[in-house]
Amino acid sequence: MESLNLWWTDLLSGNAIFTANTLEFYWNGLTTTVQLVFLSLVIGLLLAVPLAIGRGSKRRWIKLPIYAYTYVFRGTPLLIQLYLVYYGVVFFEGIQESMFWPIFRDAFYPALMAFTLNTAAYTTEIFHGAIKNTAKGEIEAARAYGMSKRLMLRRIVLPSAFRRALPAYGNEVIFMLHASAVASVVTIMDLTGAAYYVYARFYAPFQAFIFVALVYLCLTFTIMFAFRQLERRLLAHLRPRES
Amino acid sequence: MIDLQGYGPRLLEGAWVTFELAVLSLIVALFLGLLTASAKLSRNRFVHGIGTLYTTLIRGVPDLVLMMLLFYGGQIGINMLTDQLYDAFDIDIFINVNAFVAGVVTIGLIFGAYMGETFRGAFQAVEEGQMEAARAYGMSDWLAFRRVRFPLMMRHALPGIGNNWMVLLKTTALVSIIGLTDMVRVAAEATKATHEPFLFMVPVAITYLLIATLSEWIFSRLTQRYNAGFGEAD
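Top line first, the protein sequences correspond to chains A and B.
Position 70 of the first sequence, counted from 1, bears residue number 70 in our numbering, the numbering being contiguous throughout.
Position 158 of the second sequence, counted from 1, bears residue number 158 in our numbering, the numbering being contiguous throughout.
What the hints contain is simulated information worked out from the structure, not anything from laboratory work.
A virtual CB, placed ideally from N, CA and C, is assigned to each residue, including glycine.
Do not take every clue at face value.
[Unchecked claim] Have a look at the derived ranges for each label pair, beta carbon to beta carbon:
(1) Phe225(A) with Ile50(B): 36 to 42 Å
(2) Val42(A) with Arg135(B): 20 to 26 Å
(3) Leu217(A) with Glu216(B): 29 to 35 Å
(4) Phe94(B) with Ala20(A): 22 to 28 Å
(5) Gly6(B) with Gln229(A): 19 to 25 Å
(6) Asn133(A) with Pro9(B): 45 to 51 Å
(7) Gln5(B) with Ala20(A): 33 to 39 Å
(8) Glu189(B) with Val42(A): 46 to 52 Å
[As the list claims (entries may be wrong)] To spell it out: a stretch of chain A is covered by chain B in this simulated footprint if at least three of its residues, at any positions, have a beta carbon under 8 Å from a beta carbon of chain B; those stretches are:
(9) 19-27
(10) 168-181
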């Protein structure tokens, strides 16, 4: 115990890297990462629901453009999409004179846009797969009740599809958290950006990156735990009965 | 014809770097994945623990952070090691970390963890009766692995390998951040110099889509091959 105490005090007094100043850097990085990921996930989710319904439509002029969108955004690296939005946004006619320019001049919003488009594409495919796998009996039962298509979608198909999509969506959330690390490339000070700054300032790669890796690990486990709890509640009817 | 402002040849070279990097890391990842799967299926608790620790840690941390850690930390780590060698044994060597090798090792290490999970599931899906039958025929362990367990396992592993390959291909874009000149790096440099993002980024994106489409075709052919004898439904 004595030696452990000594080791602690030694570690805390002898380190020049993890001072209040750098910890604040990491903290700001954490809030930026969480904001970016949370906002893009929420907006992406809202976009993905109608897109997933349209993706399963029988009309080709609805189905094909959505398929092309998901194919392109799932088939290319997020980094390229980020570069395209970040450098390409100035090419929209008149954006520099418009009221939106102060928003888009900041790297945060182009990054948010690229991330949103990316996660919306993946989420659309996840929901589309879940909707397609709706049990035939559920649809037949809904029809037998005389439900209209719209009512059936709202009351039967979507709720059951969302539940089935939950495990895959949990993976997508974790994937998005990890993918958000590329935001540091376009001057955003997210968690990875903060770690890179600390590395460059003190030339201490191990301390800087292992610390940030642990932070990401905690975030990942928190998300995994939250989704497991959610699955336990919402998928309780699919669990084998405990004897 | 599109005018690439003289960046054409460099973009092509970059595309080749991307392709080489992806294929070599895939080989490393497949090898590590088989090793990890055997470790996780091992009855030895220590070996099992190492396998679990490896897959959990790697899959919980962003690729880019791991890449930066291994790339920036790798040189310092190796220098410390060679310094100790010099102090202890008077052996004087200097090892320079090559960016390309570091990229292959890092991506291989990351995807080895994902492949490990894929292979583990696939090995477990092979019925024990098949292996018992092979042993009853008097096949040696290696022959039984090669002729019975491996081909049967591949049938279950192929969809997972295909998915991992698609993610791996896109992950190679990250090496441009740590200084390797792949096609994304060339395109980013050209964009900064000419302010023409669409001119350079769109062809690069199309190249990724082409490689992805081609691999999808190859994987569907392979799936057909390993599904031979199992009918259409499976």
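>> Taking the earlier hints as the rules, which of them does this structure contradict?
In response: 1, 2, 4, 5, 7, 8 and 9
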